[in-house]
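Colleague: Spelled out from the first residue to the last, the chains are:
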Amino acid sequence: MRYLGKQEIEDIAVGAALLGTGGGGDPYIGKLMTLQAIEEYGPIQLLTVDEVPQDALVVSSGMMGAPTVMIEKAPSGHEARKAFQMLEGFLGQKVFATYPIEAGGLNSMLPLALAAQMGLPVVDVDGMGRAFPELQMATFYLDGIAATPMAIADEKGNVNLIDTIDSLWAERIARSATIQMGGSVMFAIYPMKGRQLKESGIHNILKLEEDLGRTIRLAKEQNTEPIREILAITNGFELFRGKVIDINRKTETGFARGTASMEGLEEYKGETLKLRFQNEHLIAMTEERLLCVTPDLIAVLDAETGVPITTEGLRYGARAVVIGIPCHPKWRTAKGIETCGPGYFGYDVEYLPVEELAKKGVAER
Amino acid sequence: MYRLGIDVDGVNTYCVVVSQNLQVICKAQLPTTDDVLTGIEQIVRHVLQHAGLHPSQIKAVIIGTSQGYKALLDHQNLAGVITIRLGTSKGSIPPLYEADQSLQQAIRLRYVELPGGHMVDGTPYPMENSRSLLEQFLRGVSVNPDDAFAIASTFSPMNGDHERQVAAWIKQLCGTHVSLTMSHEIGNIGFLERENTAVLNAALARSMRQTLCGLTELFQCLGVSAGIFLTQNNGSVMSHTYALRYPIRTLCSRACNSFRGAAFLAGRNDCVMVNVEENLTHIGIWKKGFPKLIGVGRKIAGIPVNLQMPEISTLDWGAKREVDDDALDRIYQAIQRYQPRFEPLPILFTGEGSEKVVPLFKYPWADVVQTDHTAYVSAIGACIAPISGHVDRMYWLNENNGRDEAIALAKEEAVKEAVLAGANPETVNIQAIEAAPLSYIPCQALRIQVRATGLIEPNGPFR
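Residue numbers (our numbering), protein chains in the order written: chain V, 1 to 365; chain W, 1001 to 1463.
This is chain V alone, in the form it adopts within the complex (with noise of 0.2 Å):
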């Protein structure tokens, strides 16, 4: 156990947003009211999945909808305060510990507010390893644990308490409830025993946040390049460098769907980068071979400081490097695939580690 302050918390909202592969949101209000909460009421308790107690009943909270009108509403936090309630009730149970459903943007923020809020402790573990945009896109979906019952709340006071069949329908029916309560609501989902979390959730994901956060803030303190070392705290691989030059958007059925155009610098002068995204990155490809292909992670950083940059902040102009990560290894199986490979977000292509993405690139070479 060891308690968050206010640098481990910068340090967590930059390394969320590079594992966050583009998407997410911003975290920026999410680490204000994280920051606020930590004034108001202290350190947060951060626990391993060891130190939770097999029985116990641990619940993730944070945010579905769109983060840009979570932005405009400024939440206080008793949103997420009454699903807890709604869902304690139900299950005549009180919640012991919180965690984040994803790495990345606001998501990862939110349980940090809400545990500093309620003095309730953070599990160090999530049910993503990055960032996703569904609520059945977790490794606790592939195990057979639902996601419901899971309580939404809205700033007006409405909450709703759902319950369904499967993951996919909560998945279904919380969107359109989300719409008609304004576009952004808080969660609390996918309750389980402690023994769940352990076996089925990604673990230490906030200590690697937190690794990357730090990394990318001493190496601009210190003017040095922190890439080489992101690579190695994630196992990643450098797939390329260069400069946006084409960002093409469009919004269809909720998806900031598009295509970003890099053209390479340095050793990948001559080639050029196209990148798929849907809120997140998820493939990356030059017109030669592909490069990273989703559920593997796919970050674009800042070419000088490796800070991590969003789709919606993808820029004109902009020098970046392109680094692979291996998910984990939970998403690499049929079920996995079938969940959040390139197939599901409808792209014709085809799963490949990006291990042997990148073997491949180098023989080829």
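These aren't lab readings, by the way, just hints derived from the structure by calculation.
Restraint-style ranges between C-beta atoms, simulated for each label pair:
id	chain 1	residue 1	chain 2	residue 2	range
1	W	Val1141	V	Lys207	43 to 49 Å
2	W	Leu1022	V	Glu267	47 to 53 Å
3	W	Asp1100	V	Tyr316	32 to 38 Å
4	V	Gly270	W	Ala1408	43 to 49 Å
5	W	Gly1297	V	Lys335	37 to 43 Å
6	W	Gly1297	V	Gln222	20 to 26 Å
7	V	Asp55	W	Lys1292	55 to 61 Å
8	V	Asp55	W	Gln1105	48 to 54 Å
9	V	Lys220	W	Pro1031	36 to 42 Å
10	W	Leu1073	V	Arg315	23 to 29 Å
11	W	Leu1073	V	Arg289	50 to 56 Å
Glycine included, each C-beta is placed from N, C-alpha and C at the ideal position.
Given chain V, put chain W in place with the hints provided.
Modeller: Relative to the frame of chain V, chain W by itself:
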């Protein structure tokens, strides 16, 4: 018919006289005085005499100054600010959360949360007893005559009605003369940043009013009855009544003025600009007569704001130091950031340090040009800038109001803004349109940005 362009920086005050056919007929510089106005008076007398002009021949005075920025950094002469927040959440992150304590003290920030605001689709939340809560709050805090109000309401870029309602109440309760900033007139989605911007704008109200009153009096004394305009962050100018409402829009206008002046002198509408000053070098892009603007991720005096400002890279290298390979490489790299992929734009050097750099700077892919009048580019740029109206807000689409209708509406609003800012209606046209939807939820919200520009109407309503 002549125009006066005046550029005030921390050290010098520059003045140019430009004729109707855009010839610089006279220029002068004097040290900036502590009160700024005395320096302006001296220099205007000087150029009028030198150019042999009668004051009545001046048809517009355009001023570019970074005084507001200085006021914010030094916490000097700021108005006290009362912030009214309209929304449904209580006890959220307070305004100026990340600002240092001394700024909050300098503006004696007082704030209240009232029920109100709108949903993403523009549906109002009930305002319930907001008015009585407001009265109660105003009784509880001491309101000085010099205090300014900042009003921010949830989703006001979608629907500004509640901000306008509260503004009307405040005028009833505190008098019609009070200075009011409504956040929807200044920034876009992103509540806290937009609210911060409104608070800073309100804080600047007093010094802007003093400056403009002083200028109006000064020019009356000088016999110049022309309209007074100020340059704004997006590279255009606004009438002085408009500047009274939006002082924050003047903060970084001087950089744009330099770019505009340099582009004009070099006869280029599209180029990458390099402004080499003594201690710093600024690099940016100039396209179709305007700088590239970004509104997200910007900070003023360390405070996150939601305000359109030019995208400019600043190197901590200036002509005071030696022009070595490292400096040349940094300038080159910064230029490359703005260069399009094909057909690189010409590089335009300006600023007093450019003479040192240009002979050593190699750029085989495009023209490298240098301007003369280097000290005066900013004053010249101010003189020739157009007036613009900028709309950047959210529109909710439905069966009756499709994308095309929303864009048409935004265009109309932009034209109206330009006319309000002092443009001659007959000269206004639409320059740029951008429309982007929201992500993560399938919904009908569209963010539309439109820029309309026109020319100064010397006999317009601002006089």
